[in-house]
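S.K.: Chains as they are written, first to last, in our numbering: chain A, 1 to 236; chain B, 1001 to 1300.
Worth flagging that the hints you see were computed from the coordinates, not collected in a lab.
Quick caveat: nothing in here was measured; it's all calculated off a predicted structure.
With beta-carbon atoms standing in for the labels, derived distance ranges:
no.: 1; chain 1: A; residue 1: 29; chain 2: B; residue 2: 1028; range: 56 to 62 angstroms
no.: 2; chain 1: B; residue 1: 1300; chain 2: A; residue 2: 112; range: 22 to 28 angstroms
no.: 3; chain 1: A; residue 1: 139; chain 2: B; residue 2: 1266; range: 55 to 61 angstroms
no.: 4; chain 1: B; residue 1: 1200; chain 2: A; residue 2: 25; range: 38 to 44 angstroms
no.: 5; chain 1: B; residue 1: 1275; chain 2: A; residue 2: 139; range: 44 to 50 angstroms
Away from chain B, derived, C-beta distances all over 12 angstroms, residues of chain A:
no.: 6; residue: 13
no.: 7; residue: 32
no.: 8; residue: 188
no.: 9; residue: 210
Note that the Cβ used here is the ideal one computed from N, Cα and C, for glycine as well.
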Amino acid sequence: MSAIVQFENVGLRYGLDSETLSDVSFSLNSGDFYFLTGSSGAGKTSLLKLLYLAQRPSRGVIRLFGEDVVTLPRKRLPGFRRRIGVVFQDFRLVPHLSAYDNIALPLRVAGMEESEIDAPVSEMLNWVGLGDRGQARPATLSGGEQQRVAIARAVIGRPEILVADEPTGNVDADMARRLMTLFEALNRLGTTIVVATHDLPLMAQVASAQMMRLDKGRLADPTGALRYPPRPQGGA
Amino acid sequence: MAGGNRRSAAAARHRLLPAGRVAGPMPWIIAIMMFLTVLAAAAGLGLGTAVRAMSADLAGRATVQVVEADAQQRDRLSARVQQALRGNRDVRQVAPVPAATLAQQLRPWLGADVTSGDLPIPALIDVSLTPGDATAKVDRLRRSLATLSPSLRVEPHAAFLAPLAGLLTALGWLSGGLVLLMGLATGAVVVLAARGAHDSHRTTIEVLHLMGATDVQIARLFQRRIALDATMGGALGFSFAVLVILLIGARLSATGSQLMGAVALPWTSWALLAALPIAGILLSTLTGRWTVLRALGRSL
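Chain B on its own, in the form it takes in the complex (with noise of 0.2 angstroms):
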């Protein structure tokens, strides 16, 4: 009963503004938006987790490229090599690579002569460091097999990918600041709603004011109003959103891409997105709240 007669004296208040949605559009704009802003944030999130998954992945390993013209001397050098890394602490697998795959690699550049033996083709020997700082490990590796012979080469695998890395570190930034632009294009349409609604409701705020309204009781009735047209608005706007990315997901597996694969999301992305449409709530109602209340402290 207590619950009835604070429900019905809660619509009963509402009522005071007329029925209806703050600005026509406004839901219609702050869905689009969300859905541009949740599409930003897990385009970084998901190049965020490549990058790490990348980084993660190539961090902890080299290849050492024995430079050997004479094949004899090169193979008696790359089993020589193999044992040294065998023993060395910092290493945690050591894996040649097979003539014949390397063969198959390069086939499509030096064509099938590759095999012949006239090519001097170094003989490549894959190492797994143990965990740890790897820039380091690589260091130690490179000084220690220099001792054995000056035609040896180590190559961290990330010094690779590392422009690769940096793009995909730098289109992550470029998704945060979008989203941060989204969040302060949001307020800003906010802001325009809320001080049309307050002067098609001036009248009506007017009376409200002369029988002893406070501004935080005028206020709160458009916070209400915004904040349902902003949950409906980023409801929309989120659902379509995740829909999309979905969809992406789906597409980004079919290809079959290691690269492409590592653009995931995990379970702590989609908390973040999700929490996206709450912040969007409660940025849309603060703004609305703060812009009506400016706009009433300037009357009587």
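So here's chain A without its partners, still in its complex pose (with noise of 0.2 angstroms):
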């Protein structure tokens, strides 16, 4: 199993502040499943800007795809962009797009055909429950059809990597179930998946993930792969 993401010794300040971010160093592997835990504060979305490149770090190294994307010119961040999906914890859906609109962008940033863009968004907004809703703008949904919303575009393109940020946060527990599935589906697929969540039971329902825990911006296992439900000692 291959290393997708490996961070070593990354630091993240914001300005003159104190580090949000200190010594945190670990390896994802392909294929994947994760979860990132940790209070309010302790980092998660920080460390999740890093690894969607929305943000460069203060120090340290990181490695996506096995290249160091903290040196990498900006004009090839994104081609690796493209290689990763992200729901945010505030939706950021376009809104002047329809849903159908929205869902679509990824496809049409990467240069799709019109053609062949219909029956992917189609059958996604389908999965999500929107079928009827492709038209409607994000601000005539609710705060959970907007969120399913994020989370089909983040996976439309079929990313190597998803990232969610809280993607349970405004879902009632069925479609929460629901969207665990499609994660796990996406998983099984190849996807590596790293999912930012306070949400335990939610975690529970994945047996193959993986936790990792922030702490006051570093990660409280070094290692950096702490399993939930944590692994009988002695095992693999």
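Hints are included, so try docking the two chains, each in its own frame, into the full complex.
M.R.: Structural data, given as structure tokens:
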């Protein structure tokens, strides 16, 4: 199993404040499922931002897909970003676009032909239960519906890494279960999943998942791969 | 079918930014800039044409003055001069100014006594030179006539209107300068509008970036809208300017003045004026693209 993400002594500081993330080192293997947990303000969102290339670290090395992305020229970032799907905590749906067009966004950005876009977008809309709301603008959707659109948008491009920041925060238990089932299905297809969440029952639902816990900007386990539920002693 | 797909794909991609213009007043500002630019350019081109027409008309002409107080001697000398001029290879045409015409022209200043014979009025002979270096021909003519009598003066017509031609040339350059300044001002307006548009769509741009959109993909969205705004403004400003130019042209023709009538725009000048809105659209589009790319380059 090859490492798809590697963080080495990564630190992140915003302006002159103290470090939000300090000495973060871990590696994620391709095709694995990880939960990132920690209390509010522990640095989960900051770590995810580094992961989906919205931020460069103040120090340390980050390797994605085997390449050092800290020193990567700006013009090469889009190619890496297209391989990462993101579910933002605040959804970040484009307000003037319909649910359909929001979901189609990654495909259009990737330059896919319009004739090839309709089928996967319609399928994804149906899957998240919004088949009849395709033309609705985000402002007319409920929080849960917006979150489902955000998730559909993140996964439609079949990313190699899917990063989700509290993806089940606004959906009911049934929808949360269905989302986890989708994430597991994507994971089985080879997508590496990283989900930031506080939701312990949700974590328990994915038996194969591993857990990383952040505490005050530092990984609680320096090896960076604590299993949840804990691995049995001597287990593989 | 393929064309339809391409159109719908393009339409879908253009929807990535909210519909509408880049910045509210930009087309109007561009329209005003274009209006003033076309007027300034038309003035410059018209004055240039007038200067060229005047120079071409006057450069090959001169007047020989026979400054002789005695009327009989003046007439004899005038006849000899005309004979000499007709035999000169630099001279195309010789036309003595009739005494009556001269008297009529002088009457407003000298009164009715101008024809009394008491006033020593020189005889005038208009000379048209053959095409070529007019200055050299006038010099040769001067030397040649000097052998006939020291009381002959050769006055090239271009010398009379040289200050006016200089003024018109300076005004032409001023117009060129104004066109340049208008171009710079238009560019500055586009820079401000593009920056404003970039700032107001920052959230959407960030989302597009994080999905892997390149700077060029995003810049194209703005560039298309700026081009649309510039096309609207340019067409409006150009149309009004042409209307004004045609009206001014009609008024100039109505003056009946030879000088004013020379301020005309040949088809080459109209072609240059028509190129101004196209240049304006290109300038706006490229400036907008450059501004957005620079702004995007400052983000990650």
